[in-house]
Amino acid sequence: MHIPDGFLSNKMWLALDALSGASILYAARRLRLEASARIVPLMGVLSAFVFAAQLLNFPVLGGTSGHLVGGALLAILLGPLAGFLTMATVLIAQALFLQDGGLAALGANIFNIGAVTSFSGYGLFRLLAGSPPRERRLAWAGFVSGWASLVLSAVCCALELGLSRAIPLEVGLPAMAGYHAIIGFAEGGLTAGVLVFLVRVRPDLIKGTSDLRMGLADWAVALGFVALPVLVLILAGSSALPDPLERLLSSAGAMTEPRNDAGDLLSPDRYPEYLRAAAILVVGTALVYLVARLVQGRSRKS
Amino acid sequence: MRHNFLDRYAGLDSPLHALEARTKLVGFLALILGVLWIPAGSNLIFFAYFLLTAVLMGISQIPLGYIVGRTLAILPFVVLAGLAAPWGDHFEGVRLVAIVLRSILSLLFLILLTSTTAFAELLRGLRKLGCPKILVLNLGFLYRYLFVLTEEVLRMRQARDCRRVGRAPALAEFKLLGAMLGTLLVRSFERAERMYQAMLSRGYDGDLRILAPRKFTWLDLGFLAGVTLFIVGVRP
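Protein chains in written order, with the numbering used here: chain A, 401 to 702; chain B, 267 to 502.
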């Protein structure tokens, strides 16, 4: 689900980078004003926790495996702002350590996997869990918010890729939403499992986060986060995009379009041409690589 | 567990490694932006960028197998895009090829950036470029405690595997995983509390202090000038 660079249109990733950057700055400022310094090591260790928890994976259909994403869980435990910031940290680290997701597309990944999961998970949990929640209700609220947060995040990912005209919405949306609706059971189950465990073992941890509750202004911001993609979804309809929206979104990306893509590019008589281009690319690149490597190795030894 | 698997090639000795983190962050980001704005179908520009990555990869001395393995990470997206393309309203092969080439090139630049720079230096560069302090602190903690918590997970997994045979039914399995994650979470909370006490007693005042970084040298200036010239020179 981490989108690499190149798949989003330039307008799309610029907008999402701006959105994510602004919300990180906002969350950082709010936390500095409100929270005690205690939250700093806590967020740091919990981001390492998310990294480590992803080692505990479980088999899903057909040989792949899934693991906890953790956005909803962190938002429930830390409050949405600190949860979001922690997830943003994890995503930045995944891009920089593991090249999981692109650098320009980082904003999009922070939006999908950080913001959408944290804010939707937190909102749903608040709606569903009473206060103080009883164990069964807590488990259900945790399950639903974990599941829904993951599906929403996949829907956003598919929408972005579809609107960028990289992966058509007709295929991308059902594929991603469907896959994550299945994986989501695990995310929901684990969120619920951890919450139930914590309520039994350290109930203070669940209650202890109430001082980081969101104010009205934060809710307005969060609503913007949730409303924006939903609005796009409604405007876009379920299957096909209406013309005005599509024109609006592709007009700025027009400079990346081919100027004139007429002619049948897939006809077999063009294959030799493609093969030649690919061969030149591979051989040329390999030659230059070898020369650079040898020259550098020589200069180091001398 | 090998503790240096994230900074595996950051200790090599090459001109790219000698650059300052800020220089590399700015330079490679500019190159990635340049890649993302290559129009579809302009083969010469793609070729020029591939030659540049080849030169940089050669200079960096990072094993080719590692780079190729890392590049395979985008394969699922390529496959999905390729399979789904015929269902789109306007199927354009040139666009699809351009998307794949752009993503390969940006990924190569990202790999070059991150594997020639030690993580601590990268953080330093991010902070100096104006990244919020709390985020840089978080990343620093993540880096320091990743290994501690990972070892904790591995120990817990070993303990679980020692005490059972086979797998439990799905629901029980989830309860077990939930409890393990919960235990890990409780331990993380407690560790954070201890860390906070330790930080306070060592004079933590919310500020981030950084030891002398690499200096900005003529090499950095040359790199940035070269990147600028390249991007301007091969622009569409």
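Derived from the structure by calculation, the hints contain no laboratory data. Where is the CB? At the ideal position from N, CA and C, for every residue including glycine. Please note that a few of the clues may not be correct.
[Claimed, not checked] Interface residues of chain A toward chain B, partial, derived using beta-carbon atoms under 10 Å:
1. Arg438
2. Ser447
3. Ala448
4. Leu473
5. Leu528
6. Leu561
7. Arg565
8. Ala577
9. Ile582
10. Ala586
11. Ala592
**Request:** Tell me if Leu473(A) is really an interface residue toward chain B, meaning its C-beta lies closer than 10 Å to one of theirs.
**Result:** This hint holds: Leu473(A) lies near chain B, its Cβ roughly 8 Å from the closest one there, short of 10 Å.
**Message:** Holds or violated: the hint that Ile582(A) contacts chain B, with Cβ atoms closer than 10 Å.
**Reply:** violated, 13 Å
**Message:** Would the hint on Leu561(A) be counted as holding, given a Cβ-Cβ threshold of 10 Å to chain B?
**Reply:** holds, 8 Å
**Message:** So, as I understand it, the hint says Leu528(A) touches chain B; can you test that by seeing if any CB pair is closer than 10 Å?
**Reply:** Violated, about 18 Å.
**Prompt:** Does the nearest C-beta of chain B fall within a distance shorter than 10 Å of the C-beta of Ala586(A)?
**Reply:** Holds, because the Cβ-Cβ distance from Ala586(A) to chain B comes to roughly 7 Å (cut-off 10 Å).
**Request:** Report holds or violated for the interface hint on Arg438(A), using the least CB-CB distance to chain B and a cut-off of 10 Å.
**Result:** holds, 5 Å
**Message:** Less than 10 Å between beta-carbons is the criterion; does Ala577(A) satisfy it with respect to chain B?
**Reply:** Violated. Min distance 13 Å.
**When the least beta-carbon distance from Arg565(A) to chain B is tested against 10 Å, hint result** = holds, 7 Å
**Request:** Go through the hint on Ser447(A) and say holds or violated, using the shortest Cβ distance to chain B against 10 Å.
**Result:** holds, 4 Å
**Message:** Is the interface hint satisfied for Ala592(A)? The criterion is a beta-carbon contact with chain B at less than 10 Å.
**Reply:** This interface hint holds because 7 Å falls under the 10 Å limit.
**Request:** Report holds or violated for the interface hint on Ala448(A), using the least CB-CB distance to chain B and a cut-off of 10 Å.
**Result:** holds, 4 Å
Hints 5, 8, 9, counting from the list given before, are not met by this structure.
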